[in-house]
Amino acid sequence: MAASTLTEGFAVLLLAAGLFFILAAVIGILRLPDFFTRLHAMGKCDTAGLSLSLLGLALLAGDPAVTVKLVLVLLLVAVANPTATHALARAASRAGVKVWRPGEPAEPAGER
Amino acid sequence: MGASPPPRHEATRVRRLLGAAAFPALFTGLVLGMAELPEFGDPASPASTHVSPRFIEDAAAETGAANMVTAVLADYRGYDTLGETAVIFAAGLGCLVILAAAGGRPNLPAAGMSHPFGSVILDTATRILVPVVLLFAVYVLIHGHISPGGGFQGGVLFGSGLIMMRLVWGPAHEGGARQSDVPAFGPSLRSSLILACAGILGYAGIGLAAMAFGGEFLNYGTLPLGSDPAHVRELATLGIEAAVFLTVAGTVGVLFDTISIGMREDGVPIGSGRGPRE
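Residue numbers (our numbering), protein chains in the order written: chain A, -14 to 97; chain B, 2 to 279.
It is worth saying that the hints were derived from the structure and are not from the lab.
Incorrect hints may have been included.
[Stated by the list, open to error] Partial selection, computed: residues in chain A whose CB lies under 8 Å from chain B: (1) Val64; (2) Asn66; (3) His71; (4) Ala72.
Here a beta-carbon is modelled for each residue, glycine too, at the ideal position from N, C-alpha and C.
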C-alpha cells in the first residue's frame, strides 16, 4: 500500500510538472514576439511537458502493456517533436521569415 | 473583361436562375425522402433486423476475420471496395496527368523534389523513424483481420513514410548533385505508379481468379487455398487488403511526386523559364 501511494505521489508530481511546461508553452506562444521565439517556446516546453505527462501516466497505468505503449509514445515524441521543430525553423529561415530584434514591435500571434 | 460580356452575363444569370430553381426542388425532394427513412437508430429498420445481425453473428465464422469491419469491407462488400480503390487510383492518375502537364516536365523518372530539405538532424531522425513507420504500416495491414486497420490505413502510413524520405533525402533518381550525403532511397514516380497499378490489378485478379474456379466475381470461397472455407476467405481477404495497401501507398507516392514535380526551393517549377537557374 505504501509503495503504491509513493508511486501515485510521484506520478502526480510528474503530471503537475508536465502541465507546468505545457502552460509555459501556451504562454510563450501567446506572448513571445515572433515566429522563431514562439517556436522555441513550443518546441522545448511541449516536448518536456508531454514527456513528463506520459511518464506520469506510465507510472499510473497499472497494466504493463499500457506502460510499454506509453513509453513507446514517449520515445516517438522525444524523437519527432524536436525534429519537427527543427524542420519548421529551417523552413522558416530558408523562406526568409524576419527575425525579431529587441525594440521592434512584436508580430501579433496568428498573423503572417 | 472579354470582348463580349453580355452573352457571358446572360449565361451566368440563366445558370443562377436554374440553380435557384433546382435548389428548393432538390432540397424538398431530399427532405421528403428523409421522412420515409427508418428512424435513425431504429432497431426495427431492415438494416438492424436483417443485415447487422447477420454480420455480427456469422462474420467471424464465415470469413475468418475477427474484425467485422474488415469482413464487411473486403469480403461481403468487396465489390464496393474495389470501386473505392479504383477511385483512389484514378485520383492519383488525374493528379499525374494535370500536374505533370502543368509543370511542363512529364518525364517520369526525374520527377520529385530537386533539392532535398535534409540536414544532419533530419537525416538522423528519418533514419530512426522511417523503418519504424514502414514496419508499423505492414503491421496495421496484417492486423486488419483482428484489430482496427487494413489496407487503406496501412497504405497511407507506408505512403507517409515514403513522403518523409522524399522530403529529407530528395528524389530516388536525380541526375544533379545531391545536398545530402545519404543515398536517396524509395520508389521513383514510375515505381510508385507501377505499385498502384499492381495493387488494383491484383484486386481485380483475385476477383477474376474466384470466377475462374467457378464462383462469382470476388466470391473467394471457391479459391483452391485449403479445405476450411473460412480460412480460404481469410487468405483471400488478406490478399485484397494487400492489394489495397499497394494501391494506396503507390498513389500517395504518385501524388507527392507530382505535386512536388520539378519544384526548386524557391517554388519555381523547373523548365518554366522563370527564375535564375535554368
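Hints and how they fare:
no., hint, verdict
1, Val64, "6 Å, holds"
2, Asn66, "10 Å, violated"
3, His71, "5 Å, holds"
4, Ala72, "6 Å, holds"
Violated hint for the displayed structure: number 2, the only one.
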